[in-house]
Structure formats: structure tokens, C-alpha cells
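J.: If you use the working numbering, the sequence shown closes out at 272, no skipped numbers anywhere.
If you're looking for bench data, these hints aren't it; they were derived computationally from the structure. The structure displayed is predicted, hence computed values, not measured ones. Among the clues, some could well be false.
[Unchecked claim] Here are the simulated SDA-like cross-link-like pairs (lysine to any residue), alpha carbons at most 25 Å apart as the crow flies:
(1) Lys-239 - Glu-54
(2) Lys-132 - Leu-32
(3) Lys-239 - Ile-88
(4) Lys-239 - Val-63
(5) Lys-239 - Val-90
(6) Lys-51 - Val-12
(7) Lys-51 - Leu-216
(8) Lys-170 - Ile-185
(9) Lys-170 - Gly-101
(10) Lys-239 - Leu-111
(11) Lys-53 - Ile-185
(12) Lys-51 - Tyr-116
(13) Lys-51 - Val-14
(14) Lys-239 - Pro-177
(15) Lys-53 - Leu-216
(16) Lys-53 - Val-238
(17) Lys-100 - Arg-234
(18) Lys-51 - Met-92
(19) Lys-53 - Val-14
(20) Lys-170 - Leu-216
[To be verified] For each label pair, taking beta carbons as the anchor points, the in silico distance ranges come out as:
(21) Asp-139 - Ala-224: 25 to 31 Å
(22) Leu-272 - Leu-96: 26 to 32 Å
(23) Glu-103 - His-209: 47 to 53 Å
Idealized CB from N, CA, C, for every residue including glycine.
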Amino acid sequence: MSVGNRTLRILVSVLTIPVILFITFYGEIPFLLFSLVIGTAAAFEFGAMMKHKESRPSQTVIVLISLAIILNFYFSFIEFINMFLIMIPVIMLVELFRNKGNESFNIGTELLAAMYIALSTGALLGIREIYKYNDFIYDQGGYLVIALFITIWICDSAAYFLGSAFGKHKLFPRVSPNKSWEGAIAGFIFSIMTMMFLQQFFLDFLQMHDGIIIGLIVGIFGQAGDLVESLLKRDAGVKDSSYIIPGHGGIFDRFDSIIFVSPLIYIYLTYL
1 MSVGNRTLRI LVSVLTIPVI LFITFYGEIP FLLFSLVIGT AAAFEFGAMM KHKESRPSQT
61 VIVLISLAII LNFYFSFIEF INMFLIMIPV IMLVELFRNK GNESFNIGTE LLAAMYIALS
121 TGALLGIREI YKYNDFIYDQ GGYLVIALFI TIWICDSAAY FLGSAFGKHK LFPRVSPNKS
181 WEGAIAGFIF SIMTMMFLQQ FFLDFLQMHD GIIIGLIVGI FGQAGDLVES LLKRDAGVKD
241 SSYIIPGHGG IFDRFDSIIF VSPLIYIYLT YL
């Protein structure tokens, strides 16, 4: 008996979500490894997607640079400005000797994979490790990331179910024909409500206005991240970034929202 796609999606979610939440709460090396998998796999998938265009990026370069960026968030080997000053000429020199496809497209793909996907995944790791120098409050970083995952999942669910039930006005038909303004507004409202609820019950080290602002960021930019990934897939002419997760598509498909919002949340928590 074949399993329906929706049933398969639910089954995979039920099995993987507890593991993700446990790794997030534990932090340290397990969450570092989790971030490395997410960042490098999503960047690799993006490079593979661009091969449907004229781009022939070096997947080796994409993976190695992604690893270096994410590891640097954890170990702080070098200042990021210096890392990028090294990374850019290295990419250029590699393309000088490869002679595959369109060199400008290759360089653009490799830089975008590094600056968008890897750097953003590093920011997620940075949020988890934001209190790593204080053993007494280290777990709070885990609570923050768990709250982000929960808020994004509820936002997506509200947007999908309420959009399916009440959606009449297309949000971005050029990019994602099935998304509606009604669904997006529902996701936005539920994001703020979820973060307000979580702030009261296990994010009490934040102020209520912090919960509202983080919920607002997730409600707007989490959904924008999904649209951006849809734009990239539509441009490449593919339905999913890969088929590595049964019923869900690729790593980039499943983590596009958290990848997009993490830099904004990291900046807010660090500087504001």
C-alpha cells in the first residue's frame, strides 16, 4: 500500500521534529553539526538548482566555503571581514582555472550560496550560542531557537490552512500561485501571537516587546524567505530543491524561512 504525500509529510515531521528540538536544546557540538548539515546541504542544493541555468558552479568550493563560514561562527577563527577578503579572490582564482559554463554565473552562484545560505545558517548558530560564555544562561539560546522553529511552523500552518479556507486574493502569483494575502496575514498574526505566548511561558528573560518584534520579523520575513526560495526554484525550473527528505523535498525547502530570518534576529538580539 502506497503512502500518500500528505501522510508521508506528517510521518516524517513527527519523527524529525523531536530530534531537531532536542539537538537545539542541547546545543554545543550537536547543534554545530546540525547547522553544518543544514547550511552545506542547502547551499549544495542551490548550486545544483543553478545547473538548470547556464551556471556550472564548483560544488566543492560551495561546500568548503559554507563549512568555513559556519565553523567560524562557532570557533571565531578569524574576523568575518578578513574571511570574505580571502574568500572572494579564492573563488575568482578557482574559476580562472575551471573553464566550465558561464564564469560570471558560476562566481555569482558561489558567492550567493556563501553570503545568503551559509552566512544565514551561521547566524542561526550564532543565536543558539549567543550566551555560550555563561554556563548559567546557556540554555536560553536553545529556548530562543526552539521558539523560532515553533513560530515558523505555526506561521506556515496558519498561512496554509487559513489561506486554503479563505484565500481569495493572490499574494505573489508570479512566484507562488497558491499563496494568498489572507493566508499571509493569518501567518503574520499567528507569528506575533505565538511569540507573545512563548515569551510569557519560557522566554521570560526577554521583554514582551522583544517577543512582539521577533514575532513580527518571523511573520514578515519568514514568509518572504519562502517566497524568495520559490523565486529561485521557479527561475531554475525545478519544483523542489532536492528530494532528500521524503514528502518534503530538500533541505533548502524545509529551512528556507529560518535561513532568511536568522540574520535579522541575530542582529536584533546582538545590537538592539
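J.: Look at each hint and say if it fits the structure.
T.: Results of checking the hints against the structure:
no.	hint	verdict
1	Lys-239 - Glu-54	18 Å, holds
2	Lys-132 - Leu-32	13 Å, holds
3	Lys-239 - Ile-88	31 Å, violated
4	Lys-239 - Val-63	23 Å, holds
5	Lys-239 - Val-90	32 Å, violated
6	Lys-51 - Val-12	28 Å, violated
7	Lys-51 - Leu-216	35 Å, violated
8	Lys-170 - Ile-185	12 Å, holds
9	Lys-170 - Gly-101	37 Å, violated
10	Lys-239 - Leu-111	23 Å, holds
11	Lys-53 - Ile-185	34 Å, violated
12	Lys-51 - Tyr-116	18 Å, holds
13	Lys-51 - Val-14	33 Å, violated
14	Lys-239 - Pro-177	13 Å, holds
15	Lys-53 - Leu-216	35 Å, violated
16	Lys-53 - Val-238	11 Å, holds
17	Lys-100 - Arg-234	24 Å, holds
18	Lys-51 - Met-92	19 Å, holds
19	Lys-53 - Val-14	36 Å, violated
20	Lys-170 - Leu-216	21 Å, holds
21	Asp-139 - Ala-224: 25 to 31 Å	30 Å, holds
22	Leu-272 - Leu-96: 26 to 32 Å	42 Å, violated
23	Glu-103 - His-209: 47 to 53 Å	48 Å, holds
In summary, the numbered hints that this structure violates are 3, 5, 6, 7, 9, 11, 13, 15, 19, 22.
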